[in-house]
Amino acid sequence: MIVIITDIHDGLIHEVVSSFEAHIKPIVYINEKSRLDFMFSINEEKDSITVDKKTFKVKDVEVIWLRNINFLRVMSENEFQRNELMYFFKLLNFRYKEKFIFNGFDSIEFNKLVALEKLQSKNIFIPDYFICNTKTSILEYMKWESFVVKPISQVPRKDTNQSMFVKRFFREEISLFPDIFLQSLIQEYILPQIEIRVVFIKNDFFAIASITRADNIRNVDIRKDQGKHSHYFKYQLEPTIKKNIIWFLESLRLNYCTLDIIIDKKDKVFLLDINPFGSFGSVYNYYKQDINNCFFNNLYYE
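The sequence shown begins at 1 in my numbering and counts up by one.
Do not rely on the hints blindly, as some may be mistaken.
[To be verified] DSSO-like cross-link-like pairs, simulated, lysine-lysine; straight-line CA separation at most 27 Å: (1) Lys-25 to Lys-202; (2) Lys-112 to Lys-25; (3) Lys-97 to Lys-33; (4) Lys-46 to Lys-25; (5) Lys-135 to Lys-202; (6) Lys-112 to Lys-135; (7) Lys-268 to Lys-242; (8) Lys-57 to Lys-25; (9) Lys-112 to Lys-265; (10) Lys-53 to Lys-33; (11) Lys-99 to Lys-25; (12) Lys-46 to Lys-59; (13) Lys-112 to Lys-46; (14) Lys-266 to Lys-167; (15) Lys-202 to Lys-242; (16) Lys-33 to Lys-90; (17) Lys-118 to Lys-268; (18) Lys-202 to Lys-268; (19) Lys-46 to Lys-99; (20) Lys-118 to Lys-266; (21) Lys-57 to Lys-97; (22) Lys-59 to Lys-33; (23) Lys-25 to Lys-150; (24) Lys-288 to Lys-99; (25) Lys-99 to Lys-57; (26) Lys-150 to Lys-265; (27) Lys-33 to Lys-135; (28) Lys-118 to Lys-143; (29) Lys-288 to Lys-266; (30) Lys-25 to Lys-288; (31) Lys-112 to Lys-150; (32) Lys-57 to Lys-118.
[Stated by the list, open to error] What follows is a set of in silico ranges between Cβ atoms, one per label pair, in the way DEER data are often shown: (33) Leu-191 to Thr-55: 51 to 59 Å; (34) Val-114 to Phe-170: 44 to 52 Å; (35) Arg-168 to Lys-54: 41 to 49 Å; (36) Asp-260 to Ile-131: 15 to 23 Å; (37) Gln-236 to Asn-123: 13 to 21 Å; (38) Ile-211 to Asn-123: 36 to 44 Å; (39) Asp-267 to Phe-20: 51 to 59 Å; (40) His-9 to Leu-191: 29 to 37 Å.
Hint data in this document are derived by calculation from the structure and do not stem from the laboratory.
All residues carry an ideal CB built from backbone N, CA and C; glycine is no exception.
My request is simple: use the sequences and hints to build the entire structure.
Structural data, given as structure tokens:
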């Protein structure tokens, strides 16, 4: 039996699972629409979970895939109920850690800023940055002509009306900022030679790159950057970069994540972002069969 914990709108799950759901092992989904009932005791033999009135013993579960934690934030409007649910899942993670095939509930507290700074000793760099929540601070510390604003946390909360986005700005646009805003990551904009999105699954790398073009001839996927188009294609990371990334992710106890990387005009490698629950985006379009096979092999032959 396989248990997949995700949110109901996760398109990747439907794509991946549909490629092998006809096989023997039954799949149980837990999402924000699930009706859940738990029975845990000091005797693990009695541990059970009921999902939508169907009950199974936890000891019979072979694999638990924590694909997406957004549903934990929206399971209830009541903060107390959310906290209770979170405590239960953390106990599940502690007691049955070996069953979690990709990461675990420890990743909920993942801090990408701490993670990125660990890279500095491995010849993969991060852009210069500072964190602030006022226009006065930006004006005081800003030393770049162009910069990127990002949210700090990994997961947005349902109980706020704030939008969380990533956007590039120029120095002259600072005057348009509100006086006070949410704490944000203000990051130097690095002019890329090439941009790379990587999906990492247990030492397997699936990467696509984009380069800015002055025209859109032969473009399959098109994105605009400062009025120009970008061309996407499969990309092979250099062995040294792969080795350093594997070391880095092992130090973070991550075996599954997405990474955003750029190589600047001087061939310097920068890691921009890391997300243990990231979306695959266009990577899946280019590696659909390979990624499906990778998940299948891990879920069914682990």
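Pair hint Lys-25 and Lys-288, alpha-carbon separation not exceeding 27 Å: Holds, at roughly 22 Å.
Distance restraint hint 13 to 21 Å, applied to the beta-carbon atoms of Gln-236 and Asn-123: holds, 18 Å
Satisfaction of hint between Lys-268 and Lys-202, Cα-Cα up to 27 Å: The given pair, whose Cα atoms are some 26 Å apart, holds under the 27 Å limit.
Given pair status - Lys-242, Lys-202, alpha carbons within 27 Å: holds, 12 Å
Given pair status - Lys-25, Lys-57, alpha carbons within 27 Å: Holds, at about 15 Å.
Hint consistency between Lys-266 and Lys-167 [alpha-carbon to alpha-carbon, up to 27 Å]: The hint holds at about 24 Å.
Straight-line alpha-carbon gap Lys-112 to Lys-25, limit 27 Å: violated, 35 Å
Restraint check for Lys-99 with Lys-57, where alpha carbons must lie at most 27 Å apart: holds, 13 Å
Lys-46 paired with Lys-25 [C-alpha distance capped at 27 Å]: Status holds; Cα separation ~22 Å.
Given hint Lys-59 paired with Lys-46 - CA-CA distance at most 27 Å: Within the cut-off at roughly 9 Å; holds.
Agreement of Lys-46 and Lys-99 with the hint, judged by alpha carbon distance not exceeding 27 Å: holds, 17 Å
CB-CB spacing for Ile-131 and Asp-260 relative to the 15 to 23 Å hint: With a Cβ separation near 19 Å, Asp-260 and Ile-131 satisfy 15 to 23 Å, so the hint holds.
This entry does not satisfy hints 2, 5, 13, 23, 27, 29, 32, 34, 38, 39, going by the numbered hints stated previously.
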